[in-house]
Amino acid sequence: VAPLDGKQTHVATSYDDSFISSDDSMWDKIGSALKVDDDECSECSDCSISRDRAVTASLDGKQTRDAINIDDSSISSSDSILNKVGLPSRRTPLRIETYYDYFRLKPSGGDINDTNQKTSEAINNPVHSEGLLPPEVPLPVDATWRIVLLMDHREFGCANNYLQTVEAKINNHFGGGTFSEITTLPSADYLYVARLISDTTGEIMDERVLDMVIERKNVIDVCSCLITDSKKYKPLSFFDAQMYKLQTCGVSKKLFLMEGDEDRARNFFSGAKSHMEKERRLKRVKTLRMQLDNAEFEGVDIICTRNRLDTVKFLIQQLESFLQSFNPRRPPTKTRQQLKLHIEKQMKAPTLHEYLRLRKIPGIGDAKAMKVIMDPNLHWSKSFISPSSSKKAKSTLEDRATFWRPIPKKM
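Using the numbering used here, the first residue of the sequence shown is number 63, and each one after it goes up by one.
Worth double-checking, as some hints may not be accurate.
Derived pair list, reagent style DSSO-like, types lysine-lysine, alpha-carbon separation capped at 27 Å [as the list claims (entries may be wrong)]: (1) 410 with 433; (2) 410 with 444; (3) 231 with 456; (4) 430 with 444; (5) 444 with 407; (6) 453 with 433; (7) 345 with 454; (8) 345 with 296; (9) 315 with 410; (10) 454 with 296.
By construction, these hints were calculated from the structure, which means they are not laboratory data.
Given these sequences and hints, build the entire structure.
Here it is in structure tokens:
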């Protein structure tokens, strides 16, 4: 890999001839993909709702087309979906023809779930001689990498300005400049990225996804969304649909941040008409926390914070960690646009919609639907993760959270 006088050039690397052709250039595909605007919140009745057609499939494995409402945007937590949409994402297309774009991925045939799995593996584990680390590239000329925390504009609710306060607090913590930004994310609430910024013009020349994504919910959110039906992925619950999107987002480090103490949270029992209802609310939250602690949601870890202030401290601490560990000679390989396209394909995958179709049939629950999906005689993805499998952990009212504590700074 060699730059030409520090100018942005394509990296000369070995490709299969089938990857790129004059008639079907992958660069054309990526270029056209960048023109796709971020969808607005599809879970909010105040938004303009985008409608996509998804591939569904019949029981015998034959694929058919049907008009199904797909939520391509991040499924927001319930403390935000009832409010109007906030700030839109930055829609300026990123320049992609840099010497960091040395990989070109062309999906092969087969189920979208399987294709995306192979694509994600190719992105996360590119072929090079130095193991699992991203390949080494030349240092940028007249440009600097900066780590930025992206925050979904629906986070903390759209009706207040608290998210803008968080943005300012994080930027001020690092001495000014843009270290946090409000945007629209395809999944979860927080995403860390590495940006290559021109030293002369301040233009964003490149942007890569760091390997951590965070979904935040306070305990009142958790209690509510567990019993709320998903509008776009029936018969799943709101929470099951959101967790499935998080589990299949293609980022290996996935954190579920549960904020607050259900035993002391203000308004936690608002509207509860009986002591039994109060106990049910407590058990729902405590049981979910135990299930996440026991790794019953594949690939998702849990962090508990006491309040919003500790949540912001946690986000800052993770940002500081990325700043200390980032190697500009080995930037990440996955772009935000690739992440967005990957998530969209996962949520439109034929296997997922066959599962949903089966679950709508009376008498068919998760176990029977998964038995059909895993039938070796049918061509559904065998790597499919059930969005609503039964969990083993059951909590009691005596269970308590273990809260995260900030690491004290060394004097």
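The hints, checked one at a time:
Proximity of residue 410 to residue 433 is assessed by CA-CA distance (about 21 Å); at most 27 Å being required, the pair is judged to hold. A threshold of 27 Å between alpha carbons decides the hint, and for residue 410 with residue 444 the separation of about 16 Å falls inside it, so the pair holds. Of the supplied pair hints, the one linking residue 231 and residue 456 is violated, its CA atoms being roughly 39 Å apart against a limit of 27 Å. For the given pair, residue 430 sits about 15 Å from residue 444 by alpha-carbon distance, which is consistent with the 27 Å threshold.
Straight-line distance between C-alpha atoms of residue 444 and residue 407 comes to about 16 Å, which keeps the hinted pair within the 27 Å bound. Restraint check for residue 453 and residue 433: satisfied, since their Cα atoms lie roughly 17 Å apart, inside the 27 Å limit. Only pairs whose Cα atoms come within 27 Å are accepted, and residue 345 paired with residue 454 is accepted, the gap being roughly 14 Å. Of the pairs offered as hints, the one joining residue 345 and residue 296 holds, with about 24 Å between alpha carbons and a cut-off of 27 Å not exceeded.
Annotation: proposed proximity of residue 315 to residue 410 holds, straight-line Cα distance about 23 Å (limit 27 Å). For the hint linking residue 454 to residue 296, the alpha-carbon distance of about 23 Å falls within 27 Å, and the restraint holds.
Hint 3 alone, counting from the list given before, is not met by this structure.
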